Amino acid sequence: MDQIIEFINNNLQIVYIIILATFVGVELIKSIPAVLHTPLMSGANALSGVVIVGAILVMLHSDPTDYLALALGFVAVVLGILNVVGGFAVTNRMLEMFKKKK
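One point on numbering: in the working numbering, the residue at position 37 of the sequence shown is 95, and numbering is uninterrupted.
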């Protein structure tokens, strides 16, 4: 717990940037029309692949005794994989809407 508090104290500007980016992202997503939301989300889910690769690289280069880095990397990999699978499912469902019905 002391490591987390020390990390936050040392990187307070990064924490502020993440909080600000979260609020800006929520406001941007709320302003997107529903017609554009699904295609934009399916394209954005491809970025989760980059998150997966980055998390794996962080886990490979972290100290084996640093359980915080390993746990955060594992959570990032799992959430990234869930996002990629969900993105493929949404894209597939969206493409099914444009097929001609028999």
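Rather than coming from a laboratory, the hints here were simulated on the basis of the structure. A portion of the hints provided could be inaccurate.
[Claimed, not checked] Label pairs and their computed distance ranges (CB to CB):
| # | residue 1 | residue 2 | range |
| --- | --- | --- | --- |
| 1 | Gly144 | Thr80 | 18 to 28 Å |
| 2 | Ile66 | Lys159 | 26 to 36 Å |
| 3 | Lys160 | Val73 | 31 to 41 Å |
| 4 | Val73 | Leu153 | 17 to 27 Å |
| 5 | Ala79 | Val116 | 28 to 38 Å |
| 6 | Ile66 | Ile87 | 25 to 35 Å |
| 7 | Tyr74 | Lys160 | 41 to 51 Å |
If you're wondering where the values come from, they're calculated on a predicted model, not measured in any experiment. A virtual CB, placed ideally from N, CA and C, is assigned to each residue, including glycine.
For which of the previously enumerated hints does the structure constitute a violation, in increasing order of number? 2, 3, 4, 5 and 7
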